[in-house]
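Using the sequences and the hints, build the whole thing.
Residue numbers (our numbering), protein chains in the order written: chain R, 64 to 186; chain U, 2 to 350.
Possibly wrong hints are sitting among the right ones.
As the list claims (entries may be wrong) - Straight line, CA to CA, 30 angstroms or less: simulated DSSO-like cross-link-like pairs of lysine-lysine:
1) R:Lys-132 x U:Lys-14
2) U:Lys-119 x R:Lys-172
3) U:Lys-118 x U:Lys-94
4) R:Lys-132 x U:Lys-66
5) R:Lys-116 x U:Lys-45
6) R:Lys-83 x R:Lys-172
7) U:Lys-45 x R:Lys-132
8) U:Lys-45 x R:Lys-172
9) U:Lys-304 x U:Lys-182
10) U:Lys-118 x U:Lys-166
11) U:Lys-94 x U:Lys-128
12) U:Lys-94 x U:Lys-182
13) U:Lys-289 x U:Lys-118
14) R:Lys-83 x U:Lys-45
15) U:Lys-94 x U:Lys-185
16) U:Lys-119 x U:Lys-289
17) R:Lys-172 x U:Lys-66
18) U:Lys-166 x U:Lys-108
19) U:Lys-119 x U:Lys-66
20) U:Lys-341 x U:Lys-119
21) U:Lys-66 x U:Lys-185
22) U:Lys-166 x U:Lys-119
23) U:Lys-289 x U:Lys-166
24) U:Lys-301 x U:Lys-289
Hints listed in this document are in silico derivations from the structure and should not be mistaken for laboratory results.
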Amino acid sequence: MQIEATDRTPAITLTHNPLKLVMAGESFPEDVSAFYGEVITAINQLATTASGKLEVEMAFIYINSSSIKAMYRIFEGIDAYRQAGHEVQVLWRAEEDDDIMQELGEDFKDRFQALNFTVAQHG
Amino acid sequence: MAEDVFDLYDREKLLLAEGQAILEHGSHEEIQAFAERLFDRFSKLVRENEDLTRHSDRQEQRLVKLNRNLKTQTLELEQQRSRLEGLSQQLAKYLPPQIHEALFAGKYDTQITTQRKKLTVFFSDIKEFTRTAESLQPESLTEYLNDYFSEMTAIALSHGATIDKYIGDAVMLFFGDPESKGVKEDARACVEMALEMQERMLVLQRRWREQGFDNPFVIRIGINTGYCNVGNFGSDQRLSYTIIGGEVNVAQRLEANCDPGGILISHETYAQVDDLVDVEERSSVSLKGIDRNIKTYAVKGRKQETDKPLRLSHPQGVHIDLSPLSLRADDRQLIATQLKALAQRLEDQ
Numbered sequence: 064m065q066i067e068a069t070d071r072t073p074a075i076t077l078t079h080n081p082l083k084l085v086m087a088g089e090s091f092p093e094d095v096s097a098f099y100g101e102v103i104t105a106i107n108q109l110a111t112t113a114s115g116k117l118e119v120e121m122a123f124i125y126i127n128s129s130s131i132k133a134m135y136r137i138f139e140g141i142d143a144y145r146q147a148g149h150e151v152q153v154l155w156r157a158e159e160d161d162d163i164m165q166e167l168g169e170d171f172k173d174r175f176q177a178l179n180f181t182v183a184q185h186g
Numbered sequence: 002m003a004e005d006v007f008d009l010y011d012r013e014k015l016l017l018a019e020g021q022a023i024l025e026h027g028s029h030e031e032i033q034a035f036a037e038r039l040f041d042r043f044s045k046l047v048r049e050n051e052d053l054t055r056h057s058d059r060q061e062q063r064l065v066k067l068n069r070n071l072k073t074q075t076l077e078l079e080q081q082r083s084r085l086e087g088l089s090q091q092l093a094k095y096l097p098p099q100i101h102e103a104l105f106a107g108k109y110d111t112q113i114t115t116q117r118k119k120l121t122v123f124f125s126d127i128k129e130f131t132r133t134a135e136s137l138q139p140e141s142l143t144e145y146l147n148d149y150f151s152e153m154t155a156i157a158l159s160h161g162a163t164i165d166k167y168i169g170d171a172v173m174l175f176f177g178d179p180e181s182k183g184v185k186e187d188a189r190a191c192v193e194m195a196l197e198m199q200e201r202m203l204v205l206q207r208r209w210r211e212q213g214f215d216n217p218f219v220i221r222i223g224i225n226t227g228y229c230n231v232g233n234f235g236s237d238q239r240l241s242y243t244i245i246g247g248e249v250n251v252a253q254r255l256e257a258n259c260d261p262g263g264i265l266i267s268h269e270t271y272a273q274v275d276d277l278v279d280v281e282e283r284s285s286v287s288l289k290g291i292d293r294n295i296k297t298y299a300v301k302g303r304k305q306e307t308d309k310p311l312r313l314s315h316p317q318g319v320h321i322d323l324s325p326l327s328l329r330a331d332d333r334q335l336i337a338t339q340l341k342a343l344a345q346r347l348e349d350q
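As structure tokens, this is what we get:
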């Protein structure tokens with residue numbers, strides 16, 4: 064899966080070999096369900112369509128509240144893949160001076176404590 | 002809604018629909034099992050809600066901070082703009098308006114570059130200024146000089162002149178750069194301006210006399226058209242937008258040779274305005290560095306004034322309607338002689 068970034072939506076890439084999910088950019092789609100539906104469905108199907116270690120990398124600049132709701136669904140799907148017995152590694156990247164994204168990453172880390180979750184800042 | 006359309010709240014909506022059915026028809030065990038799932042879902046929703054609210058608050062705080070910064074910056078920019086505007090207005094008094102406007106529009110290049118252009122150059126100064134100045138109180142001298150410069154500057158700008166500089170009581174300006182309407186139109190604008198200046202001087206002289214200035218300023222004007230070097234002269238630290246060249250000196254010499262209250266123009270200028278003004282040829286002047294004698298002409302007035310039709314009509318049978326410029330010179334002379342003879346006979350009756 065490969066979705067190009069727009070000025071309202073992030074770039075999203077999901078590859079099976081290697082198994083990796085990358086999301087980066089800004090997120091305030093006009094219709095959050097429509098935009099994230101495909102991604103959430105694909106993540107929920109990982110347990111049956113993929114195997115092995117899943118690497119997740121997320122780097123958001125801005126994310127609105129509805130998108131956060133969608134992110135919960137994505138993390139739930141990722142956690143379900145872990146629960147199916149696979150290794151999962153999450154890297155949440157926030158820009159160096161972006162406290163909001165940093166704290167949001169910490170919130171997700173706190174909610175999904177079973178995930179190998181790293182919050183990092185980058186310049 | 003189509004079934005394949007994803008809904009972020011599908012699980013919650015499903016739970017609500019299920020709950021409604023169970024509450025209406027479910028057994029005690031079914032209700033208990035549902036309550037447990039509902040509790041689990043509700044717990045997650047509360048956590049999500051907490052996170053969302055916290056995130057929303059952080060975004061709001063950032064917006065408030067950004068808004069404050071924006072207001073501060075807007076205020077600073079407004080103060081800066083106001084300072085610059087004041088500075089611009091002050092600078093405008095030291096620069097030719099065309100240059101000032103071009104500078105502030107970002108269209109003016111302050112490189113030390115000059116170009117050779119055919120310009121019409123104007124010089125004026127006040128006759129016997131030093132002696133006149135000595136006869137006046139300094140305060141009065143300042144008042145009359147300001148009056149004089151203000152009036153002349155307004156006329157110059159209204160004709161599109163580029164004011165080069167004020168040199169003591171003298172004014173140096175030119176037409177043809179940075180804007181030009183063509184050599185002919187530039188020269189005509191300059192001569193029209195000079196005529197208006199001398200006309201205005203007559204009004205000012207009357208006013209000054211009424212104010213007690215019994216020997217008011219009288220100005221001489223010299224105008225020449227020719228190739229000059231125009232542009233930025235000087236250094237990177239200090240530039241002067243001006244003109245230089247032999248033709249500039251010619252204009253100055255013409256001014257020095259001009260009758261008080263008059264306008265003396267060179268042949269080059271006259272060639273551009275010969276249908277505009279009546280002139281009287283004066284003695285040529287020569288100038289060091291200029292390898293030709295410069296023919297000079299004193300401007301007597303606008304041609305259209307003298308070209309007005311001569312009309313005389315009387316019910317007793319007199320009707321004269323003549324356009325002198327449309328007549329040949331010998332015809333004009335003949336008609337003038339005949340009219341004089343008729344006038345003489347009429348007087349003698």
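Each hint, compared with the structure:
no.: 1; hint: R:Lys-132 x U:Lys-14; result: holds (15 angstroms)
no.: 2; hint: U:Lys-119 x R:Lys-172; result: violated (78 angstroms)
no.: 3; hint: U:Lys-118 x U:Lys-94; result: holds (25 angstroms)
no.: 4; hint: R:Lys-132 x U:Lys-66; result: holds (25 angstroms)
no.: 5; hint: R:Lys-116 x U:Lys-45; result: holds (27 angstroms)
no.: 6; hint: R:Lys-83 x R:Lys-172; result: holds (18 angstroms)
no.: 7; hint: U:Lys-45 x R:Lys-132; result: holds (11 angstroms)
no.: 8; hint: U:Lys-45 x R:Lys-172; result: holds (15 angstroms)
no.: 9; hint: U:Lys-304 x U:Lys-182; result: holds (22 angstroms)
no.: 10; hint: U:Lys-118 x U:Lys-166; result: holds (19 angstroms)
no.: 11; hint: U:Lys-94 x U:Lys-128; result: holds (26 angstroms)
no.: 12; hint: U:Lys-94 x U:Lys-182; result: holds (24 angstroms)
no.: 13; hint: U:Lys-289 x U:Lys-118; result: holds (21 angstroms)
no.: 14; hint: R:Lys-83 x U:Lys-45; result: holds (27 angstroms)
no.: 15; hint: U:Lys-94 x U:Lys-185; result: holds (29 angstroms)
no.: 16; hint: U:Lys-119 x U:Lys-289; result: holds (20 angstroms)
no.: 17; hint: R:Lys-172 x U:Lys-66; result: holds (27 angstroms)
no.: 18; hint: U:Lys-166 x U:Lys-108; result: holds (22 angstroms)
no.: 19; hint: U:Lys-119 x U:Lys-66; result: violated (60 angstroms)
no.: 20; hint: U:Lys-341 x U:Lys-119; result: violated (47 angstroms)
no.: 21; hint: U:Lys-66 x U:Lys-185; result: violated (62 angstroms)
no.: 22; hint: U:Lys-166 x U:Lys-119; result: holds (19 angstroms)
no.: 23; hint: U:Lys-289 x U:Lys-166; result: holds (23 angstroms)
no.: 24; hint: U:Lys-301 x U:Lys-289; result: holds (28 angstroms)
In this structure, the earlier hints numbered 2, 19, 20, 21 are contradicted, and the remaining ones agree with it.
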